Amino acid sequence: MHWSDVVIESLREHEVWHATYVPDAINWQVLAKLEADPAFTVVPAAREEEAIGIAAGVYAGGGRAAMFMQSSGFGNTINGLAQLLTAYRIPVPLFIGMRGGLGEFNEVQVPSARPIPAILDELHIQHYAPEREDEVQKYVDGAIELAYASRMPVAVLWYAQLVGAKRATS
Amino acid sequence: MLRREGIAALVRRLDNEPVIANLGPATFDLYASGDRDANLYTWGAMGLVSSIALGVAIAAPDRKVFVTDGDGSLLMNLGSLATIARQAPPNLVHIVWDNQMWFETGGQPTHTSTGTDLGGIARAAGIPNVARAATVEAFEEALDQAIREPGPWFIHVDIEETGEPRQRPKVVVEENLVKFRRTFTG
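The listed protein sequences correspond, in order, to chains A and B.
Reminder that position 34 of the first sequence reads as 33 in numbering that gives the first Met the number 0, one-by-one numbering, no gaps.
Reminder that position 98 of the second sequence reads as 97 in numbering that gives the first Met the number 0, one-by-one numbering, no gaps.
No lab work stands behind these hints, which were simulated from the structure alone.
Note that this is a predicted model, so its numbers are computed, not measured.
Even glycine gets a Cβ: it sits at the ideal position worked out from N, Cα and C.
Accuracy of the hints is not assured; some may be wrong.
[As the list claims (entries may be wrong)] Covered stretches of chain A, going by a simulated chain B footprint (3 or more residues, C-beta under 8 Å):
no.	region
1	41–52
2	79–85
[Unchecked claim] Among the chain B residues that face chain A by a calculated CB cut under 7 Å, a handful are:
no.	residue
3	S50
4	I51
5	A59
[Stated by the list, open to error] In silico DSBU-like cross-links for lysine-lysine, where the CA-CA straight-line distance does not exceed 35 Å:
no.	chain 1	residue 1	chain 2	residue 2
6	A	K32	A	K165
7	A	K137	A	K165
8	B	K63	B	K178
9	A	K32	A	K137
10	B	K63	A	K32
11	A	K137	B	K178
Work out the full structure, taking the sequences as your base and the hints as a guide.
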């Protein structure tokens with residue numbers, strides 16, 4: 000099973016029927032399939048913090064939502080992570096497509112991605128990074144379970160070790 | 000008109016419908032109108048209140064969802080109007096109290112004080128139903144229409160600030176969230 004299908008099965012099993020996102024090429028492998036599946040409601044946002052707010056609202060309204068973004072937009076979410084998800088104890092599984100690591104061609108991706116684990120640590124948001132396809136189920140199932148048990152956001156980071164590096168196109 | 004007059008008019012019309020309040024005076028005035036489990040008060044994450052309400056409206060399509068925003072906050076998250084327009088939840092009523100200032104930080108004038116028209120931005124973003132009110136009567140008329148007819152609705156309300164002292168609500172945010180969510184999950 001492709002890693003993206005593993006994520007979808009895990010969302011289904013945990014009744015996470017909503018997803019919010021700002022697109023990136025890595026998470027799009029999951030999101031394109033979610034959008035095609037009528038069981039899921041998928042909401043694109045204009046900016047990452049907005050997607051955090053919408054996901055928080057879904058939970059407040061009795062549902063469950065996951066949020067997908069690229070590492071370059073993570074900085075836009077910090078106030079929402081701190082003053083909304085963490086302060087109110089709102090569980091949202093966060094899926095972050097990590098640029099800026101192995102094979103990165105765009106230098107400005109590097110300083111925005113590198114501090115993400117440290118920032119998550121400071122926010123007391125647990126984070127996990129599967130590196131092989133056969134680890135994805137254990138990590139994603141575990142992260143989603145942990146999010147709802149702890150009533151906290153939990154992040155899964157997709158590094159190039161798992162998903163490959165984006166290639167420069169020109 | 001005053002924000003608290005608008006909030007009183009709103010709350011009078013509600014049964015178990017959720018209201019999500021912007022940080023600062025909107026939260027203070029909503030609490031002062033009488034605490035209810037279906038009130039979600041915000042204290043930070045400035046700008047996100049309309050996004051939160053969009054999420055609630057999507058998760059609970061059978062309930063009319065009200066959000067009371069502010070001009071300074073909405074200016075921080077204008078993209079939310081485009082996202083709301085794209086999702087077009089018929090059950091969302093987005094009310095903006097426009098006092099033309101960042102009241103909580105000392106009354107510095109916001110961009111609406113120099114002519115930025117939030118209703119015009121909402122319309123251009125694709126929100127189909129936009130109303131503007133500067134009196135309690137006009138607000139009640141717009142609100143009744145928004146309750147009767149499918150949305151999404153955007154009600155832009157010009158308000159005055161009196162600067163009267165406010166009591167800080169005694170709310171534990173985590174408890175507030177749990178109670179609010181229970182109004183949907185039972």
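Tested hints:
Counting residues of the region 41–52 of chain A whose CB falls under 8 Å from any CB of chain B gives 10; the rule of at least 3 is met. As drawn, the region 79–85 of chain A meets chain B at 4 residues by the rule of a beta-carbon pair under 8 Å; at three or more, the given contact holds. Look at B/S50: its Cβ gets to within about 3 Å of chain A, closer than 7 Å, so that hint holds up. Taken as an interface hint, B/I51 checks out: its beta carbon lies about 4 Å from the nearest beta carbon of chain A, inside 7 Å.
Hint status for B/A59 relative to chain A: holds, with the closest Cβ pair at about 4 Å, below 7 Å. With a C-alpha separation of about 20 Å, the suggested pairing of A/K32 with A/K165 holds against the 35 Å cut-off. Between A/K137 and A/K165 the CA atoms are separated by roughly 25 Å; this keeps the pair inside 35 Å, and the hint holds. Restraint check for B/K63 and B/K178: satisfied, since their Cα atoms lie roughly 18 Å apart, inside the 35 Å limit.
Proximity of A/K32 to A/K137 is assessed by CA-CA distance (about 21 Å); at most 35 Å being required, the pair is judged to hold. Taking the CA atoms of B/K63 and A/K32, the gap is near 30 Å; set against the 35 Å cutoff, the hint holds. Our distance criterion of 35 Å between C-alpha atoms is met by A/K137 and B/K178, whose separation comes to about 33 Å.
The structure meets every hint from the earlier list without exception.
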